[in-house]
Amino acid sequence: DAGVTQSPTHLIKTRGQHVTLRCSPISGHKSVSWYQQVLGQGPQFIFQYYEKEERGRGNFPDRFSARQFPNYSSELNVNALLLGDSALYLCASSRDSPYEQYFGPGTRLTVT
Amino acid sequence: GIQVEQSPPDLILQEGANSTLRCNFSDSVNNLQWFHQNPWGQLINLFYIPSGTKQNGRLSATTVATERYSLLYISSSQTTDSGVYFCAVEVGGNEKLTFGTGTRLTIIP
Chain A
32 DAGVTQSPTH
42 LIKTRGQHVT
52 LRCSPISGHK
62 SVSWYQQVLG
72 QGPQFIFQYY
82 EKEERGRGNF
92 PDRFSARQFP
102 NYSSELNVNA
112 LLLGDSALYL
122 CASSRDSPYE
132 QYFGPGTRLT
142 VT
Chain B
810 GIQVEQSPPD
820 LILQEGANST
830 LRCNFSDSVN
840 NLQWFHQNPW
850 GQLINLFYIP
860 SGTKQNGRLS
870 ATTVATERYS
880 LLYISSSQTT
890 DSGVYFCAVE
900 VGGNEKLTFG
910 TGTRLTIIP
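Protein sequences, first through last, are from chains A and B.
So the working numbering is basically just the index in the first sequence, starting at one, shifted up by 31.
So the working numbering is basically just the index in the second sequence, starting at one, shifted up by 809.
Per label pair, the in silico range of CB-to-CB distance:
| no. | chain 1 | residue 1 | chain 2 | residue 2 | range |
| --- | --- | --- | --- | --- | --- |
| 1 | A | 110 | B | 882 | 42 to 52 Å |
| 2 | B | 829 | A | 72 | 22 to 32 Å |
| 3 | A | 92 | B | 853 | 29 to 39 Å |
| 4 | B | 818 | A | 90 | 16 to 26 Å |
| 5 | A | 115 | B | 819 | 18 to 28 Å |
| 6 | A | 36 | B | 829 | 27 to 37 Å |
| 7 | A | 48 | B | 867 | 42 to 52 Å |
| 8 | A | 106 | B | 847 | 23 to 33 Å |
| 9 | A | 70 | B | 829 | 21 to 31 Å |
Here chain A is said to cover these stretches of chain B; the calculated rule only asks that three of the stretch's residues, wherever they fall, bring their Cβ under 8 Å from a Cβ of chain A:
| no. | region |
| --- | --- |
| 10 | 840-854 |
| 11 | 904-918 |
Rather than coming from a laboratory, the hints here were simulated on the basis of the structure.
Since this is a predicted model, take the numbers as computed values, not measurements.
From the three backbone atoms N, C-alpha and C, an ideal C-beta is built for every residue, glycine too.
All chains should be built: construct the whole structure from the sequences, respecting the hints.
Laid out in structure tokens, this is it:
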């Protein structure tokens, strides 16, 4: 079975722009979570969605939003990009919580 | 929120050596996972171990939930074991993984 997939792999944006990152979970997994990993640190939780409903939100500004589609794939949107948004964005899927989470390869976002 | 501390922060070993990585957490958890992050950023699942002991080849892990710590053992290290090791925990009713500070392991040939 395919693992968690994310697109795009790399992305370069300019300050003030908007970005959309995409994630497809493992087949049969209904929960998707998003994490931000800044260089030299561990991943930080952004959002969790289960059955298209938001279940959890981390300490991130309202510029960050997400949604989950009927096929359980998910999008993470970031508006008004700042230099500090440069990071590796990771998506994880699981059957539910607190089951084991599996991570995708990530999207590396650079804001210039 | 829960605090997750890992030790040591850095570890440099010769190929073939054994190592023990530790993860301490400040509250009861209902999920604990160990990950290996490779140089490309991919988080690879090693163990899902909220309690007890598991083994997978040269790797094993033990979580003592009542004492709030977990240990990851790596035996006969290989250069491909290099990378950053994270433990991550989930507290009941809080739908997220909180990651530890990480241990950077470097295996020298």
